[in-house]
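As they're listed, the protein sequences go chains A and B.
If you want our numbering, it's the position in the first sequence, counting the first as 1, plus 1062.
If you want our numbering, it's the position in the second sequence, counting the first as 1, plus 1062.
No wet-lab data here; the hints were simulated from the structure.
It is possible that part of the hints are untrue.
Each pair may be met inside one copy or between any two copies, as identical chains are not told apart.
With a Cα cut of at most 20 angstroms, we get these calculated DMTMM-like pairs of lysine to aspartate or glutamate [said to hold, decoys possible]:
1. K1082 / E1163
2. K1300 / D1351
3. K1177 / E1189
4. K1304 / E1155
5. K1261 / E1175
6. K1249 / E1360
7. K1193 / E1155
8. K1219 / E1295
9. K1095 / D1351
10. K1300 / E1338
11. K1167 / E1312
12. K1075 / E1189
13. K1219 / E1357
14. K1075 / E1285
15. K1333 / E1078
16. K1192 / E1097
17. K1249 / E1155
18. K1192 / E1155
19. K1219 / E1285
20. K1167 / E1154
21. K1164 / E1154
22. K1300 / D1171
23. K1082 / E1295
24. K1064 / E1312
25. K1219 / E1299
26. K1174 / E1163
27. K1193 / E1154
28. K1304 / E1357
29. K1192 / E1154
There are 2 protein chains.
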Amino acid sequence: MKITLDHGGGGRKTDELISKIFQPHLNSPELMKREDGGIFEHSFVISTDTFVVTPIFFPGGNIGDLAIAGTINDLASMGAEPRYFSFGFVLEEGLDTSDLEKILKTMEDLIKELKIEVLAADTKVIEAHKKENPGLYINSTGIGRIYRPVLGRDSIKPGDGIIVTGAVGEHGFAVLSHRLSLSSTIKSDTRPLWPLIKKLLDNVQVKFMRDPTRGGIAQVLNEIVDQMSFGIEIFEEKIPVKPEVQGLSELLGIDPLEVANEGNMVIIVAKELVDEALNILHSHPFGSDAAFIGEVSEEHPGMVLTVNTYGARRILYRPVGTKLPRIC
Amino acid sequence: MKITLDHGGGGRKTDELISKIFQPHLNSPELMKREDGGIFEHSFVISTDTFVVTPIFFPGGNIGDLAIAGTINDLASMGAEPRYFSFGFVLEEGLDTSDLEKILKTMEDLIKELKIEVLAADTKVIEAHKKENPGLYINSTGIGRIYRPVLGRDSIKPGDGIIVTGAVGEHGFAVLSHRLSLSSTIKSDTRPLWPLIKKLLDNVQVKFMRDPTRGGIAQVLNEIVDQMSFGIEIFEEKIPVKPEVQGLSELLGIDPLEVANEGNMVIIVAKELVDEALNILHSHPFGSDAAFIGEVSEEHPGMVLTVNTYGARRILYRPVGTKLPRIC
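One chain only, chain A, in its complex shape (with noise of 0.2 angstroms):
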C-alpha cells in the first residue's frame, strides 16, 4: 500500500493508518488510549506534532504561533497547565531568515505571554520541495503539568452538554482562501487556549475536552462516540459558523463541521453545568463564541446525528480523507 495525502487528513484514513501499521509496533497503554497526550509520573502530560502547514503564512496566523497554539491546546484538553516545550525545526534550503525570524518572534511573544521555558531544540536543512517557494516543518513537543484532572470518556452520560469554544472552521477556511488567492477576511483562529480552559477548570467540572484540529468537529464528535453506549444529538443552528465561513463553505462544497480549527474546544460537561460553563467561556475574549450546541443521547449508541429547525436528521460522518493536506 502507498501513502496517500488522505492519510494526513485526521478522519477515517488517519485511523486506518494508525491502527493498522502504527499500532501493532508502537503501542503502550497511554498511546492506546489516544488522547491527544500521554501522562507520565503521575502528574505530567507530553503532547507533539510535526506542523507542516503551507503557506508558512496565513491569515490570522503563521506556522510558528500555530506550533505553539497547536500543542499548548492538546495539553489544555487534558487538564494540563503548558510549562515545558522542546522544538525540532526542518529548514528548507533557500528559506528567507527574514520569514525565519518573523516566525521566531511570533514564537517568542507567545512564550513569553504564557511563561513556558524551551528546553531543548534542534535545527536541521534538508533541500526544497518547491525551489521557488522554500518553508518549514516545526516538531513542537510540550511537557505540562496536571492542573485539573479531567474525568475522561467514560465519564460521559446520556444528557451531558455539549460545548465548542468558538465559531468553526475559521483555520482551514483562511489556509485555504489564502491558498486560492481569494479576496476573504477570514482569518485563523489560532491561539493557545489554556488561560481559557483554567478558567474554565477552575470553576466548574469538565468530563471531556479536544481541539477539533484536522477532521474538524465531526472527527472528534464521532471520536467521542466510538464504541461507547450513547449517541451524539447536535443541533445545527446552534453550531457557531461566521458568515463568510459559511458562505466560501457553500461556495466550495465543504462542510465547516469537517474543516480543521486551531484555536476551538469541544466540551462536554453535566447538563446542569452548561449555563455557568458558557457564562465563564463568555467572559474571555477567547471564548466569546462559546455555544451549546447538542447533546449526549441514549439513541443511536456510537452515532452522531445533527438536527436541523424542521427537526430532520442526518448522519454527521466522520471525515474520510482530506479536502485540505498541510492544513496545519
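Dock chain B against the given chain A, drawing on the hints supplied.
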C-alpha cells in the same frame, strides 16, 4: 540571507544560524547551556532531534533505529536514563507502507530492549520531494531521568583524559558510500549507548560526555574548548579508525574526524580514571574499540591540536558546513 545546506551541517554555519537567528528569540537558561538536552523539575532531561537522513535505509540501520539511538545517546550524554519518548512522523506521499512497517519494527525492537515507554505520537503526510523515491522524517523527543550527574564542562582541567567509545566516522561513510553506490563493507555505528554509559557511570565519575554526530569529533572537541582557558591535544595514531573508513576517507578527501557518528561518545575523565574507564568500556560490545585519544592541555587555550607520531602538530578546526547533507 538564505538558508543553505551548510546551515544544517552541525559546524560553524549551524552555530552562526543558532546564535544569530534562533537565540535572540528562543532562549532560556537551559538552551543557553548548549547541551544536548535541557533539565526540568531537577531530575528530568528532555532532548529533541528531527531525523531527515537519506536514504532511509542504509548499511547498519535505518531512520527508525537512528531516531531512537540518536535521542538516547543525547540523554546518555547528560547522564540520564531514557524513560519516555514521543515521535512525530512526517510521511511523504507515495511511501510504501511495507517500508514504513520495516522501520517501525526496528523501532519496536529497540523500545522493548531498552524498556522505554512511548507516550505520544503524531503523523502528517506531505507531498514527496522526489516522486520516484518518497521518504519520511521522524522527530524523536526523549525524556530521561538523571541517573548520575555529569560534572560539566567547568570541571574540566589540564591533564584530564579524552576517550572515544568507538571507531570514528562509520555512520557518515556508511550513508555516503550507500548514496554513491560504492561497494563497501562499512556499516553505520547506529546504536543506543545507554547500557554502556550506565555501566561507566556506575563505576567512574565522568566530567563531560557528548556524542559526536554532525561535524564529528572535530566539532565536539572544539565545542569543549570554546571560550575555555584550556586546549586539547589529540594523538593522531590513537584515534580508532577502521581501515575501510580510512581508505574511503583518503579516496574522497573527507576527514573522518569531521564525519558523523551515531553510536560513539566522547568522554572526559580525570587522568587517573582513564584506565578504569577503558576497562569498563572494553567489557561491553559497544565499547570494544574504546580508546584514550588525547588530553586536556593548559597550552593553546580554546584550540584543538592533533599530534602525529613525528610530533608534528596541526590545528583541528571546527568544520564550517557540511560535505554530507541529510546525514541524520
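Comparing the hints with the structure gives:
1. In this assembly of identical chains, K1082 and E1163 lie within 20 angstroms of each other by CA distance solely across copies; the values are 10 angstroms between and 40 angstroms within a copy.
2. For the identical chains of this complex, K1300 and D1351 are intra-copy neighbours only, at 11 angstroms inside a copy versus 69 angstroms across copies, given an alpha-carbon limit of 20 angstroms.
3. Taking CA atoms no more than 20 angstroms apart as the test, K1177 paired with E1189 passes in neither setting, with 35 angstroms inside one copy and 36 angstroms between copies.
4. Proximity of K1304 to E1155 under the C-alpha cut-off of 20 angstroms is found in neither arrangement, the shortest distances being 38 angstroms within a copy and 33 angstroms between copies.
5. Taking the shortest alpha-carbon separations for K1261 and E1175, only the intra-copy value of 16 angstroms comes in at or below 20 angstroms, while the best inter-copy value is 43 angstroms.
6. In this homomeric assembly, K1249 and E1360 never come within 20 angstroms of each other (Cα to Cα): the closest approach is 37 angstroms inside a single copy and 60 angstroms across copies.
7. For the homomeric pair K1193 and E1155, the shortest alpha-carbon distances inside one copy (8 angstroms) and between copies (18 angstroms) are both at most 20 angstroms.
8. For the identical chains of this complex, K1219 and E1295 are intra-copy neighbours only, at 13 angstroms inside a copy versus 70 angstroms across copies, given an alpha-carbon limit of 20 angstroms.
9. Proximity of K1095 and D1351 under a CA criterion of 20 angstroms is satisfied in neither setting, with 30 angstroms inside one chain copy and 44 angstroms between copies.
10. Within a single copy, K1300 and E1338 get their C-alpha atoms as close as 18 angstroms, which meets the 20 angstroms cut-off; across copies the closest is 73 angstroms, which misses it.
11. In the homo-oligomer, the alpha carbons of K1167 and E1312 never lie at most 20 angstroms apart, since the shortest distance is 36 angstroms inside one protomer and 45 angstroms across protomers.
12. Within a single copy, K1075 and E1189 get their C-alpha atoms only as close as 29 angstroms, which misses the 20 angstroms cut-off; across copies the closest is 17 angstroms, which meets it.
13. When the C-alpha separation of K1219 and E1357 is checked against a cutoff of 20 angstroms, the pair qualifies only within one copy, where the shortest distance is 10 angstroms, while the shortest distance between copies is 68 angstroms.
14. When the C-alpha separation of K1075 and E1285 is checked against a cutoff of 20 angstroms, the pair qualifies only within one copy, where the shortest distance is 14 angstroms, while the shortest distance between copies is 46 angstroms.
15. In this assembly of identical chains, K1333 and E1078 lie within 20 angstroms of each other by CA distance neither inside one copy nor across copies; the values are 34 angstroms within and 57 angstroms between.
16. For a Cα distance limit of 20 angstroms, the shortest separation of K1192 from E1097 qualifies neither inside one copy, at 34 angstroms, nor across copies, at 34 angstroms.
17. In the homo-oligomer, the alpha carbons of K1249 and E1155 never lie at most 20 angstroms apart, since the shortest distance is 29 angstroms inside one protomer and 28 angstroms across protomers.
18. In the homo-oligomer, the alpha carbons of K1192 and E1155 lie at most 20 angstroms apart both inside one protomer (10 angstroms) and across protomers (15 angstroms), since each shortest distance falls under that limit.
19. In this homomeric assembly, K1219 and E1285 come within 20 angstroms of each other (Cα to Cα) only inside a single copy, at 15 angstroms, whereas the closest approach across copies is 59 angstroms.
20. Only within a single protomer do K1167 and E1154 lie at most 20 angstroms apart by alpha-carbon distance; the minimum there is 19 angstroms, versus 29 angstroms between protomers.
21. In this assembly of identical chains, the alpha carbons of K1164 and E1154 lie at most 20 angstroms apart only when taken from the same copy (16 angstroms versus 27 angstroms across copies).
22. For the identical chains of this complex, K1300 and D1171 are neighbours neither inside a copy (35 angstroms) nor across copies (50 angstroms), given an alpha-carbon limit of 20 angstroms.
23. Taking the shortest Cα distances, K1082 and E1295 never come within 20 angstroms of each other, neither inside one copy (30 angstroms) nor across copies (53 angstroms).
24. For the homomeric pair K1064 and E1312, neither the shortest alpha-carbon distance inside one copy (32 angstroms) nor that between copies (41 angstroms) is at most 20 angstroms.
25. Within a single copy, K1219 and E1299 get their C-alpha atoms no closer than 23 angstroms, and across copies no closer than 73 angstroms, so neither meets the 20 angstroms cut-off.
26. In this homomeric assembly, K1174 and E1163 come within 20 angstroms of each other (Cα to Cα) only inside a single copy, at 16 angstroms, whereas the closest approach across copies is 41 angstroms.
27. Within a single copy, K1193 and E1154 get their C-alpha atoms as close as 9 angstroms, and across copies as close as 17 angstroms, so both meet the 20 angstroms cut-off.
28. Taking CA atoms no more than 20 angstroms apart as the test, K1304 paired with E1357 passes in neither setting, with 22 angstroms inside one copy and 68 angstroms between copies.
29. With identical chains, the CA atoms of K1192 and E1154 are at most 20 angstroms apart both within one copy (9 angstroms) and between copies (14 angstroms).
Consistency note: the structure conflicts with the earlier hints numbered 3, 4, 6, 9, 11, 15, 16, 17, 22, 23, 24, 25 and 28.
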